[in-house]
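S.K.: Going line by line, the protein sequences match chains A and B.
For the first sequence, the UniProt record's numbering gives the first residue as 1, with consecutive numbering after it.
For the second sequence, the UniProt record's numbering gives the first residue as 1, with consecutive numbering after it.
Honestly, the hints are just simulated from the structure, not real lab data.
Keep in mind that the hints are not guaranteed to be accurate.
Same chains, same label: a pair holds when it works inside one copy or across any pair of copies.
Below, simulated BS3-like cross-link-like pairs (lysine-lysine); rule was C-alpha separation at most 30 Å, straight line [what the hints assert, rightly or not]:
1) K547 with K345
2) K321 with K555
3) K506 with K445
2 protein chains.
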Amino acid sequence: MGVNSNKVENFSCRETNTTTDESVVVMPPMEIHSVSLPPHKTTLCKLRQRLGEIFFPDDPLHRFKNQSLGRKLLLGLQFLFPIFQWGPEYNLKLLRSDIISGLTIASLAIPQGISYAKLANLPPIVGLYSSFVPPLIYSILGSSRHLGVGPVSIASLVMGSMLSEAISPVDQPILYLKLAFTATFFAGLFQASLGFLRLGFIIDFLSKATLVGFMAGAAVIVSLQQLKGLLGIVHFTTKMQFIPVMSSVFSHREESMKRPKLFWVSAAAPLTSVILSTLFVFCLKSKGHGISIIGHLPKGLNPPSANMLYFSGSYLALAIKTGLITGILSLTEGIAVGRTFASLKNYQVDGNKEMMAIGLMNMAGSCSSCYVTTGSFSRSAVNYNAGAQTAVSNIIMASAVLVTLLFLMPLFYYTPNVILAAIIITAVIGLIDYRAAYQLWKVDKLDFLACLCSFFGVLFISVPLGLAIAVGVSVFKILLHVTRPNTLIMGNIPGTHIYHSLSRYKAATRVPSFLILAIESPIYFANSTYLQERILRWVREEEEWIKANNESMLKCIILDMTAVTAIDTSGIDLVCELRKMLDKRSLQLVLANPVASVMEKLHQSKALESFGINGMYLTVAEAVVDISSLWKSQP
Amino acid sequence: MGVNSNKVENFSCRETNTTTDESVVVMPPMEIHSVSLPPHKTTLCKLRQRLGEIFFPDDPLHRFKNQSLGRKLLLGLQFLFPIFQWGPEYNLKLLRSDIISGLTIASLAIPQGISYAKLANLPPIVGLYSSFVPPLIYSILGSSRHLGVGPVSIASLVMGSMLSEAISPVDQPILYLKLAFTATFFAGLFQASLGFLRLGFIIDFLSKATLVGFMAGAAVIVSLQQLKGLLGIVHFTTKMQFIPVMSSVFSHREESMKRPKLFWVSAAAPLTSVILSTLFVFCLKSKGHGISIIGHLPKGLNPPSANMLYFSGSYLALAIKTGLITGILSLTEGIAVGRTFASLKNYQVDGNKEMMAIGLMNMAGSCSSCYVTTGSFSRSAVNYNAGAQTAVSNIIMASAVLVTLLFLMPLFYYTPNVILAAIIITAVIGLIDYRAAYQLWKVDKLDFLACLCSFFGVLFISVPLGLAIAVGVSVFKILLHVTRPNTLIMGNIPGTHIYHSLSRYKAATRVPSFLILAIESPIYFANSTYLQERILRWVREEEEWIKANNESMLKCIILDMTAVTAIDTSGIDLVCELRKMLDKRSLQLVLANPVASVMEKLHQSKALESFGINGMYLTVAEAVVDISSLWKSQP
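All chains should be built: construct the whole structure from the sequences, respecting the hints.
M.R.: Structure representation (structure tokens):
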């Protein structure tokens, strides 16, 4: 530790004989504390700690601490299969709630499943298959109690648009189906790997702003596609009236979350519309109406599809790409929805475990004729409001879908396609969250820019590129903040030891002979040049101001390092360089309150030695008091 | 301002009747200050200020303020052509120093010019041309007084390796030359544009760590190339002895900067070696020695080359790419060298103006048979030590090169190529800065990783990709810090109002019933999920600790926001969400010392209203005192 060994002692207080002289600083006398280095740790220990923070921020194994072996085994089982956690305490009362909510989401899931499968250009029956196997698997593995699992609009439309760019679902339906299952497999593999490798934080880079723009852009694309289809196919149905009706029903979805009495309307609307319109078309059937209908749907359970996975050939890259993008999008929705409802009921979902659950359910799904599924916002909201208590509601829903698959498929023969298009349009129009966009504009212009980029990028370029641009803008925003950080001049609030921004607090006053600067950012290679220029400009402006106002000469510059939360080698060079440059102008530079990691790096790079015992203070107040008293004693 | 209008009043103090009760907090009584919003500014005004900080951090026009029109014109002229600034005060004494230093760098510049041109696979004479026109232009436009301008090793070898990958300089010498001039033109255009658009901060992203690794990698490549060449060509010369001798001379370059007496050795070494070896070969000429020599060099000034610029055709993309990369590398070297020597003599160089000067000099150079030039480290060091006072030393050097070009070219006929290879190797070996690499390892492991990536990337992949990877690692480091920020538990230092990290300061003690957390990073989309999990984990761990130690119950969580220098919409959601979740557990959440921009965003998003007057404090100390006294009065 060399030179600094005596400084590492905690709080070896230096006494100051501060006389309260009006001309210098009006401040009560105080003890001066030394700045200490953080406790020494080896590189290995630091690396372990750092990796722990990166990969295990939630300390998932804390439950296992200080437990017996048997208990550890049980906890491990519960950890892997959350069903063992709530299963033993399951009772009839919970079951009753779960049955009601399960049946409710089933009534939403069946028409949604059929519609979303059409959105992905897949046979409608695949949508029902996807509402059967994945919810069952999720109910065993998942840690959310309210997540309603099934196909979702975003992933469906992205899969539909990405795959049909390369392959026509009409001309090559088998290849298309194969690619869809393969993409689902890779989506699941990717999701499960993210969870297993604990890289879940990658989805955090899809910020809310990006998603708002992305969903709106995607919704516009799909609505236009569907509307075009509608206008082209149907001649004399009353479809144009459906849209405003349905959209008004669905656009009140958010309100209905707040007024649970009304949610039955939105939950029951799709099934009711399907039943009514099917009956309507059925009555017209003898009249040669020309209305396009679903037609024959095969009865029976999910056929296995593992043999349809496609691991070689020219479209493999497309399948992987589609899988990655639908995978990350559906993961983002699933995790966000799970977190939302968990926070409403005050429990926690483990992001990485959820990813593994969603991933495994998609991998299993890809082998049983399902396409990409995740936690759906609309289903989960309905599930929550219908009083779901555990993942059993997903089992009930899956059972209802099972009954439908086994016995009720012929009933959908006369369901008009137009009602499915209407369901799709109302669903995706609900994704356009203009209020969120307005809020972004109001609060953060750069977030709004990211939102716009993702909206227009998706609309006019392509889904992956649009998303990439929006992520780029979001990252650029972080870099911009680092590249051009705030620096503030601070002043003393009279009668206290508090120092605060002069421009923000009118009560704060300049301390004569001192220039107190706060740097509001880590000091990195990306901003060290800027900070050097900016600090020298502050000094120059301060000296000009002093000259113009005949104030007492500038003698000391205090850098408040509280917000400098990290420093790299360029940053250390800056500090040393600055000290030398100011030294040549007979100005003293001292640092106040460097954080642990900064202190450590200053020590390792020997920069600390050049500052010495009088160059570091624990607070700005102590620096001012100590240095002024030093000036007094050596006039 | 609504709800907060009464809070915007500065320091409407609330009185607290703090009784100093040992069981709660031992602390002198204090006034409680309100947290104020920053003064209101319009969006336009904020945008202007922000753009000002991004593009004009050094306030380049501050000299023009409050000046008469005539004076403004003069200042403008001086601003554009720094020669008008120092020109009028130029005198004979300065000229004497400049002549000495100019002739000294000329003695280095001539052999270096020839060698570096060979490094770029260009005819040796182009190196001399490049030491004539660019220095003249720089002496008029440049703001550094010590920069020695000419070809540099990095840019030369990058240009050589990038162009010769596509085109053989032996088979298509004219096309190669054309591409080199075109690349130089684009390098200059790029450099001048960066300066003109004030985007100079882009070069800051090439961090020191990246450059250390890059230069070492490049040096290894070139040394191997040259060594292979040497071993292949020469049979019985004593070249193998030259290398250690020369390298020992050159590797003391750094020491010679510290011991100015010795710098003459390194400055004169290249010219001396050239003269001696030329004489040696000249004496052997009758014996058919087989030593490869430079051969005929054309006498005369730079021929114009504007007609050789190549603005169409299949190699244009290559020329532009080469131009961009050599441009940014030479700019980085030039600016860094300029700043280094300016700081030694305590004056400032304006980065953006320097970029325009270097860019214009390269554009002019590309039209007069010169290739990429910049401020060279070795020349500038020699220049500085030889006592250069102004850019006139560059004019003197150019004049010396002029004389050489006009009259002395035949003297170089017998100069052996081996001596040029030796000069190149010693120059590039000096670029391997293993001490800097060791320092990086010691201080910052991730910086060292960036350095390694750039070293191996350049060595085994390619120059542009190696650089891109290293920049990627550097940016990733910034993002990692943002994605996984530090959070600290703080404690009170007894008898003071200072709160500091419990783990770092042993003297700091926990405050009963409070959990005081400091977040050391802006809160962004990229870390809001992590922070939520981490804060809830702190709360959980604190509650477990309290249970185990029978301490008084946790009632309040204080977030110290001093280091949260920015927040985005996701961050605001986090704060609101956290408040709600803790509320459900009957825990109070208050914020201490939010910075201006955070306060403003909390206000704009209406999050402030939910916190109310008792949810914000100016310091942690005030929060603790006020809340404990509140608990006292409402038991």
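S.K.: Could you run down the list of hints and mark each one as holding or not?
M.R.: Hint by hint, here is what the structure shows:
| no. | hint | verdict |
| --- | --- | --- |
| 1 | K547 with K345 | between (63 Å within a copy, 24 Å between copies) |
| 2 | K321 with K555 | neither (62 Å within a copy, 50 Å between copies) |
| 3 | K506 with K445 | within (28 Å within a copy, 43 Å between copies) |
The structure fails to meet hint 2 from the earlier list, while all remaining hints are met.
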